[in-house]
Every structure is written in structure tokens, then in C-alpha cells.
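Enquirer: Listed below, chain by chain, are the residues.
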Amino acid sequence: MAKLIAFIDGSIYSESVLDHAAWVATTIGASVDVIHVIGRRDVASADFNLSGNLEAGSHQSLLNELADHDAQRAKLAQQRGRLVVDSGVARLQAAGVAAAHPRLRTGDIVEAVQELEGEADLIVIGKRGEAADFAKLHLGSNLERVARVSRKPVMVASRAFRPVKRFLIAFDGGPSVMKAVDHIAHGSLFPGLPCHMIMVGRETPDALGKLEAAAETLRRAGYEVDATMEAGEPEEVIARHAEAEHIDLLVMGAYGHSRVRSLIIGSTTSEMIRSVKIPVMLFR
Amino acid sequence: MIEFLSRMRSEWFGNIRGDILAGLVVALALIPEAIAFSIIAGVDPKVGLYASFSIAVLIAFVGGRPGMISAATAATAVLMVTLVRDHGLEYLLATTVLAGLLQIAAGFLRLGYVMRFVSRSVMTGFVNALAILIFLAQLPELTGVSWVTYAMVAGGLAIIYLFPRLTKVIPSPLVCIVVLTGLSFALGLDVRTVGDMGELPSTLPMFLIPQIPLTLETLLIILPYAAAVAVVGLLESLMTATIVDDLTDTTSDKNQECIGQGIANTATGFIGGMAGCAMIGQSIINIKSGGRGRLSTFLAGAFLLFMILVLGDLVSVIPMAALVAIMIMVSIGTFSWASVKNLAVHPRSSSIVMLATVATVVYTHNLAIGVFAGVLLSGIFFAWKISQIFRVTSTLSEDGRERIYTVAGQIFFASAEDFTNAFDFKEALERVTIDVSQAHIWDISSVQALDMIILKFRREGADVNVVGMNEASETIVDRLAIHDKPGALERLMGH
Chain R
1 MAKLIAFIDG SIYSESVLDH AAWVATTIGA SVDVIHVIGR RDVASADFNL SGNLEAGSHQ
61 SLLNELADHD AQRAKLAQQR GRLVVDSGVA RLQAAGVAAA HPRLRTGDIV EAVQELEGEA
121 DLIVIGKRGE AADFAKLHLG SNLERVARVS RKPVMVASRA FRPVKRFLIA FDGGPSVMKA
181 VDHIAHGSLF PGLPCHMIMV GRETPDALGK LEAAAETLRR AGYEVDATME AGEPEEVIAR
241 HAEAEHIDLL VMGAYGHSRV RSLIIGSTTS EMIRSVKIPV MLFR
Chain Z
285 MIEFLSRMRS EWFGNIRGDI LAGLVVALAL IPEAIAFSII AGVDPKVGLY ASFSIAVLIA
345 FVGGRPGMIS AATAATAVLM VTLVRDHGLE YLLATTVLAG LLQIAAGFLR LGYVMRFVSR
405 SVMTGFVNAL AILIFLAQLP ELTGVSWVTY AMVAGGLAII YLFPRLTKVI PSPLVCIVVL
465 TGLSFALGLD VRTVGDMGEL PSTLPMFLIP QIPLTLETLL IILPYAAAVA VVGLLESLMT
525 ATIVDDLTDT TSDKNQECIG QGIANTATGF IGGMAGCAMI GQSIINIKSG GRGRLSTFLA
585 GAFLLFMILV LGDLVSVIPM AALVAIMIMV SIGTFSWASV KNLAVHPRSS SIVMLATVAT
645 VVYTHNLAIG VFAGVLLSGI FFAWKISQIF RVTSTLSEDG RERIYTVAGQ IFFASAEDFT
705 NAFDFKEALE RVTIDVSQAH IWDISSVQAL DMIILKFRRE GADVNVVGMN EASETIVDRL
765 AIHDKPGALE RLMGH
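Chains as they are written, first to last, in this note's numbering: chain R, 1 to 284; chain Z, 285 to 779.
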């Protein structure tokens with residue numbers, strides 16, 4: 001049985017993540033692990049004590065004080081996390097998912113992904129989370145960090161779920177997107193759905209050949225494919241195309257460029273996820 | 285790359301408000317300590333103050349434990365007393381550079397793992413000895429002085445411990461300094477001040493190369509000091525790192541810390557500062573004040589230098605009594621009072637190791653020798669305890685002509701003699717079977733003991749048959765990492 005892992009944090013995107021997971025799980029008959037990662041504890045915890053003196057046994061008393069403080073907060077965070085995953089599981093069950101399991105972890109979400117993705121076939125995560133503002137300070141949000149470390153396909157849920165009636169493959173001819181094409185051709189996630197393919201760039205015979213070959217693969221698998229080529233900025237062209245054609249899901253290869261390069265010029269993938277208003281499925 | 289940058293960002297700026305406040309508190313606490321430790325080492329307060337600034341600022345960048353405070357310390361200062369007295373300041377600076385280089389080498393050789401041989405008892409002995417050394421260093425300020433000094437120290441201690449009951453927003457050591465300085469100024473008291481102890485910094489530190497002859501003789505003078513400073517510095521730093529790890533429930537990179545301490549010391553020697561390391565007391569104060577990130581360490585150093593340069597003239601009129609009171613507080617806070625209570629509860633061997641470490645340090649004023657003695661003693665105690673875990677049982681055959689000895693347990697140098705004595709050579713037997721398949725033979729001493737036993741039985745006229753030698757001798761594990769081989773532990777434990 002296939003297995004999904006859905007990461008939720010109790011933010012407004014959580015419901016959408018669960019709905020996307022429910023859709024995939026009921027379509028392909030998969031089980032879902034609903035995971036909430038209780039974040040790293042805030043670094044400065046206890047009350048300020050600027051007295052600056054050292055009393056006898058201050059090490060032990062300070063340790064006890066900090067541990068008590070952390071314990072209280074950890075208990076609260078765990079209670080809240082339990083509520084989040086339990087309500088997540090309830091929502092999935094209501095949507096007809098037979099096997100949904102709650103899992104609660106502490107630490108960093110990236111560690112959790114590395115730890116848990118081994119047995120999973122797809123990861124579902126929200127486009128933004130509770131820590132959205134906090135994460136802006138960081139280079140790369142949780143989403144980008146997860147997408148970068150994960151070796152499994154990642155579905156990035158948009159704010160609200162909409163039944164998927166047609167999907168679009170952003171084709172660049174790279175190995176990641178070829179993997180996506182292959183996955184779709186052999187998988188059962190989009191049975192018989194109309195498929196759009198778009199390649200952004202100049203029309204060279206080489207590019208056209210690749211696009212046509214990929215389209216042919218999908219056609220043989222029984223998909224109705226509409227493949228086009230257009231020049232321009234990838235983010236703009238694809239976002240426009242998705243809007244005009246009422247696309248419900250975007251499939252693309254993820255993070256092709258080196259980290260150093262994307263650090264300087266920004267990542268096309270992240271830019272794309274931001275600019276389209278539909279869920280995105282990333283393949284590496 | 286991105287992971288590294290985001291980690292650095294959170295280590296530096298994850299806790300800005302707490303780090304700024306804590307950095308300020310620690311800087312205030314560092315000033316008296318840096319001056320006091322310079323005085324211990326017998327150099328101008330300037331040397332310790334430059335060192336504290338430089339080490340704190342550098343370790344913020346290159347250290348492996350965010351939130352830990354490093355600066356000029358008592359532990360390293362006491363090691364260099366005789367060096368300064370016999371050879372002067374320049375040799376101290378050269379020693380600082382060399383100690384730093386040794387620490388960098390230790391970091392690259394990943395010697396941090398040797399720390400595992402330093403047991404809890406030795407560590408407790410280390411901090412207790414350190415506390416005693418800090419206290420002893422205050423005695424010269426307390427002997428042959430007027431009653432005014434005693435009154436001031438007592439008043440200072442009262443302020444330090446009682447003022448926090450009024451408010452925890454102002455550091456009480458600072459209040460102690462301000463009140464005592466104000467008093468002595470207002471009343472025109474004739475007491476010794478910091479200004480009497482030597483030169484205070486008036487400019488930013490400058491790069492300079494220690495003026496020493498670059499000869500083998502010089503190296504031989506400074507090497508023992510540098511080695512001791514390097515060892516003690518790393519010990520206290522790694523120990524403090526563990527304390528901060530525990531307090532903040534986070535992890536740190538110990539090898540990075542070794543290299544960082546080395547870089548900080550090397551650079552500090554070149555700007556006229558003395559060697560230092562992590563400080564247990566200051567690190568606890570930092571955590572208590574809300575400091576967690578690298579920013580707190582950096583600001584502690586930066587504020588320190590700023591205050592010294594701006595308030596230099598005021599610092600020089602601080603009465604020594606105020607510093608003594610603060611150092612007594614540091615001594616009391618560093619000492620592990622629980623260990624005194626534990627003397628009655630802990631195993632006697634642990635208590636002896638702890639006390640021996642303390643006694644050796646107080647006698648030699650060298651924490652490295654004390655730790656070495658403690659580690660040695662705990663090793664001996666451990667071997668002695670393990671040596672008791674063996675048993676020799678035997679059964680006599682029906683006809684009384686053959687005896688089967690079954691040996692089980694740990695046979696090594698410390699148990700070899702008891703092992704030999706467990707056999708009865710006076711019994712006249714035709715055949716002796718020694719089954720060692722249940723025993724662990726650890727070294728040559730035990731092999732030799734077994735050979736002697738066989739020989740003795742043969743001399744008494746018995747035929748000797750040894751069973752299970754192969755299994756038993758598999759425990760002669762001379763190559764490390766034998767436990768990596770599949771099933772090695774089972775083979776060692778199983779039979």
C-alpha cells in the first residue's frame with residue numbers, strides 16, 4: 001500500500017494539506033501519516049535575571065529552573081500538537097481515508113522529513129506555514145528546505161483545495177521533470193485527466209524534440225496531452241498559462257540549480273511556487 | 285551552504301534582545317575578573333583586559349559552543365605565575381601563541397575525545413580546585429591590611445548576595461563596585477585601588493610580535509607552560525561547553541571549540557593579551573541573564589573594551605576590596621558544594637579521586653597535573669574494581685585423579701596474581717583440565733600467568749589440558765575499533 005506523509009502545523013494551510021492528502025490517498029488508495037513537528041524550543045526561555053551574581057550551587061539551581069521551564073512549555077506544545085494531529089486524522093477519516101495515523105515529533109522539520117520519508121511515496125506540505133513570517137528571515141522557508149532535502153515527490157498545497165480536473169507539466173527537459181513524466185505515465189494519480197505541457201524558451205529543434213517525446217510517452221499511457229512552447233520568463237508564462245487554462249495542479253522538476261547559484265539569483269522553483277496560486281507537485 | 289548560513293544566522297541573531305542584555309551583564313562581570321586574573325599572573329591589568337576582549341570576540345566567531353563565554357581565566361593565569369616572574373611578559377605572550385597553536389593541533393587531531401577519560405569525579409575536583417585557587421589568589425589582598433579593607437569586602441559581599449532580592453534588573457557586582465568606589469572616594473579612604481596594580485588600557489590593542497629570542501632554549505622554556513595552558517584551557521573549555529549544553533539542552537561541536545580556543549589564544553598573544561579559555565562562572569551568568577547566541581559572547585568582549593576605553597580613569601580608582609568581594613563570589617559560585625555533601629554518599633574511590641585532584645592542584649597550582657593525577661587514579665581504581673570480577677571453580681573426578689578448573693571473568697594484569705593463587709598446586713593429580721572458555725584474557729600478564737599455572741601443575745606431575753583458549757584470547761583487543769566487527773561484542777560478552 002502506498003503511503004503519504006502530510007506535514008501540518010495548525011495554520012490555515014493545514015486543512016488544505018489534509019484535503020490534498022485525502023484526495024491523493026483516496027485516488028490511489030494510500031495510507032496517510034499525519035505529522036506535526038513541534039518546533040525547536042525558543043532559545044531564550046526563562047525570565048530575565050540580570051543580577052549577574054553567582055550563588056553557591058548556581059549551576060544546579062539554574063539547570064533545574066531552566067529544565068522546569070522547558071518542561072512546562074514542552075507539555076503545552078505537546079498537548080497542542082496532539083490536538084493538531086488528532087483533528088487532522090479526523091478530517092482525513094471524514095474524507096474517506098481508511099488508514100490515517102497521527103505522529104508527533106519534536107525538532108526540526110527537515111530532520112523529521114529525512115527520518116520519515118524513507119517509507120513514504122509522497123510528501124504533502126503547505127505552501128506557507130505558521131512560521132511564515134519568522135521563516136522569511138531565513139534563507140529558504142521550511143518548504144524550500146524540505147523540498148531540497150527530500151528524495152521523494154513533494155506536493156505543495158495551496159491555500160484551499162480544489163478538485164483536480166486538469167494538470168500542467170512545466171517542462172524543461174531536465175532529469176527531474178523526466179522523472180515526473182515517467183511517474184505520471186506509470187502512476188494512478190491522474191487517471192485520464194487532461195494534461196497540459198508547457199515549455200518556456202526559444203523553439204529549437206532539440207527542445208521541441210524533447211517536449212514531443214515526453215508528450216508521446218504520456219499519450220501512450222492514455223493521457224490526452226496538449227503540449228505547447230512559449231518564449232518568456234518561466235514564472236510569468238507558466239502562471240499565465242495556468243490561469244488561462246484553468247489548471248488545478250502544476251507538476252515540475254525541483255531545484256535544478258546549484259545551491260550557491262540559487263542563493264545569489266534566487267531559485268526559479270521557489271519563485272514559481274510563489275507565483276502560481278495552485279498546488280505544485282515537485283519531483284527531484 | 286544554505287544550511288550553514290541559516291545555522292549561523294540563528295546562532296548569531298536567534299536571540300538578539302537576550303544576547304544584548306546578557307552581553308552587557310557579562311562584560312561588567314568580566315572587568316573585575318580580567319583585572320584580578322592579570323594580578324594573579326603578575327602582569328598589568330591591561331594584559332588581562334586585552335585578552336578578555338580579544339578572546340571573547342574571536343571565540344564568538346570561531347568557537348563551537350554558542351553562548352559560552354571565554355576570556356582571561358584563573359585556570360590559565362595560575363600556570364604562568366613563575367614564567368612571568370622568571371622571564372617576563374614577552375615570554376607570557378609567546379607562551380600564549382604557542383598554547384593556541386597546540387590547541388589548534390589538538391582540535392584537528394580530534395583529541396577532544398580524550399575527554400572521555402576525565403571522569404565526573406576528576407571534573408568535580410577540577411572545579412573545586414579552581415575555586416580554591418581563585419580564593420587563595422585573593423589572600424595577598426587580605427593580609428596585612430587595615431580593618432577598613434575587611435569591612436569593605438564584607439560590605440561588598442553583602443551587596444552582591446542581598447541586592448538581587450531588591451531587583452534583578454541591575455547586576456549586583458556592578459552595584460558593589462559603584463557603592464564601594466563611591467564610599468572610598470567620599471570618605472577619602474586609604475585603600476589600594478586597581479590603579480595601584482599596574483597599567484590600564486588607554487588605546488585599542490595593537491598587533492605586536494612578542495620580543496623573544498627565537499632559539500631552541502626559548503622554546504624549551506615556554507613549551508612546558510604552553511602545553512599546560514593548552515591542556516587546562518581545553519579541559520575547562522570542554523567542561524564548560526558540556527555545562528552550557530546541559531543548561532540550554534542543545535549540542536555543540538567540541539572539536540570546533542578546541543580549534544576556536546586555539547585561534548583565539550594565538551591571535552590574543554599577538555595583541556599583547558594573556559592566554560585564556562572558557563569560564564564556567566561567566567558562562568553560567570550569561571545563560572542566567574538570558575544569553576544564548578554567539579552575539580552574547582561577542583558583545584561581552586566588545587562592551588568590555590568599550591567600557592575600559594571610555595571609563596578607564598574611573599576603573600583605576602575602584603578599590604581592590606570590591607574586586608576581592610567579586611572574586612570571592614566567583615570562587616563560591618564555582619565551587620561544587622554538592623560534592624562536599626556527596627563525599628558521604630558517593631563510592632569512596634570517587635571521593636578519593638576528587639580529593640586527590642583538588643589536593644594535587646592546590647599543592648602544585650597546576651590544574652593539568654591535578655587532572656592527570658585524577659585520571660591516573662581513577663584508571664587504577666577502575667582496574668582494581670574490574671580485577672575482582674573473576675571466579676575459579678573446580679570439580680574433582682570420582683576417582684580423585686583429575687580436576688577440572690573452570691575460569692570465568694576478567695583476567696588481566698591486576699587480577700593475574702589472584703588468578704594464579706586460585707589454583708591448588710599441592711593436590712596430587714594425574715590430569716588437570718583448565719577451562720578458560722568463560723574467561724576474558726586481556727593482556728600478556730594474564731597469558732603469562734596461565735603459562736606459569738600450566739608449568740607448575742606439570743612440575744607436580746600432572747598432565748595439563750587447556751580448553752577454550754581461542755575464545756578467551758579473543759579478548760586481547762589491542763587494535764581499537766575491534767567492536768566495529770560484526771558480532772565482536774557478543775563474542776566478548778557471550779562466553
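Derived from the structure by calculation, the hints contain no laboratory data. None of these values were measured; they are calculated from a predicted model. Do not rely on the hints blindly, as some may be mistaken.
Derived, one-sided and incomplete: chain R residues facing chain Z with beta-carbon distance under 10 Å [said to hold, decoys possible]:
id, residue
1, M1
2, A2
3, K3
4, E15
5, G57
6, L66
7, D68
8, Q72
Cβ coordinates follow ideal geometry from the N, Cα and C atoms, glycine included.
Enquirer: Tell me, which hint numbers fail for this structure?
Expert: 1, 2, 3, 4, 7, 8
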